[in-house]
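A.B. asks: Sequence:
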Amino acid sequence: MKEAAAQRLIFLISLLFWTSGQVLPVRLTVSPSRSQFFQYESVTLICEDENRSDGWTVRRNTSRDTRNRCGDDGFGSSAGSACSIRTLFEHDTGLYWCESMSGSSSSSSSIQLSVSGGSVILQSPVLPVMEGDDVTLSCRAKNPTHNLPAAFYKDGSFIGNETTGNKILNSVKKSDEGLYKCNVKGHGESPSSRISVKEKPPTTCPPSSSSSSSVTPGPGSSSILPIVGSVSGLVILVLLVVVVLLVRRLHNKPKGDEGGRGEDDITSRNIRISKGSKATAVYSAVKTGEVTYGEIIMNEKKKKPKARENQPDPNLLYSSVRSPRVDL
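Numbering-wise, the sequence shown is residues -25 to -1, 1 to 303 according to mature numbering (1 follows the signal peptide of the UniProt record, and there is no 0).
Mixed in with the good hints there might be a few duds.
Said to hold, decoys possible - In silico DSS-like links for lysine-lysine, alpha-carbon gap of 30 angstroms or less:
#1 173 x 148
#2 175 x 117
#3 160 x 117
#4 117 x 129
#5 160 x 129
#6 173 x 149
#7 129 x 149
#8 175 x 149
#9 175 x 148
#10 173 x 129
#11 173 x 160
Hint data in this document are derived by calculation from the structure and do not stem from the laboratory.
Between the sequences and the hints, there should be enough to build the whole structure, so can you do that?
C.D. replies: Here it is in structure tokens:
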């Protein structure tokens, strides 16, 4: 029972060790980090994975095609796990994600990229933002390139004018999620972009020094997960070694029925041997280390005296006695 419980524990630890490496296996990043682009601009999409940097490829769904693979299906050029599109067109608007090249079902979260043939775009975070962070939305005109006054909208509702063309969302929360767009008078309106807000983890992080750092996660933040994963993996490995040693110890421990017996473990029996059988010795097969004591009582069976037969005594004299006959 103890060995079975230990084996189950090994299985659970191995399962935990395996699943610890499956959290956030890959993520797709965009450079430059925004979701809207002007036509003829360029973009690079990178599948970031600490373990298999070259084991991923970029795929997309657009209005023209489905599940197209970078470098093989007519869009972009692939280099390892990176995909570069030198010249963007409006038909490149679509959903992009990373997918494993090993044939497994592993994939990253998808992101929406929009390519505008117009004169105005909205620069907004392409990845989900952390709850409590500040987010900056920039309304950018193609010509002139400097910022112009712009009006901002969320889910079709007007939320304010900004003379600098930048709208700051302070301490974002889940209610700030939605579709945002902007309008520059005399230039036109931008496409809509979705902003997603994710819950803040239990551990507190120092506040960002600028709004740009909250929009684009730096390389230091992406290295925290591998460090935590390595430490937890090391702890699980140590536990696994301890359990293996425990199982070996239980396996090599002598069983209880093979151990020596004390003086209290004495078995006694009364054995009666009838006369006529061989009372020389009594043998029994015992295990090594077992001692069995027995009490043997030998009773000699007494024969009952036989009844004496009536034999004539030679010293007796028998005579014939006749009684006289009397005549009447």
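A.B. asks: Now tell me, hint by hint, if it's right for this structure.
C.D. replies: Now for the hints, and whether the structure bears them out:
1. 173 x 148: 8 angstroms, holds
2. 175 x 117: 36 angstroms, violated
3. 160 x 117: Since the Cα atoms of residue 160 and residue 117 sit roughly 13 angstroms apart, the hinted pair holds (cutoff 30 angstroms).
4. 117 x 129: Within the cut-off at roughly 22 angstroms; holds.
5. 160 x 129: Between residue 160 and residue 129 the Cα gap is close to 18 angstroms, so the pair holds against 30 angstroms.
6. 173 x 149: Answer holds: residue 173 to residue 149 is near 7 angstroms, not above 30 angstroms.
7. 129 x 149: 14 angstroms, holds
8. 175 x 149: Status holds; Cα separation ~11 angstroms.
9. 175 x 148: Given pair residue 175, residue 148 holds - Cα atoms ~10 angstroms apart, limit 30 angstroms.
10. 173 x 129: 18 angstroms, holds
11. 173 x 160: 33 angstroms, violated
Going through the hint list in order, the structure does not satisfy hints 2, 11.
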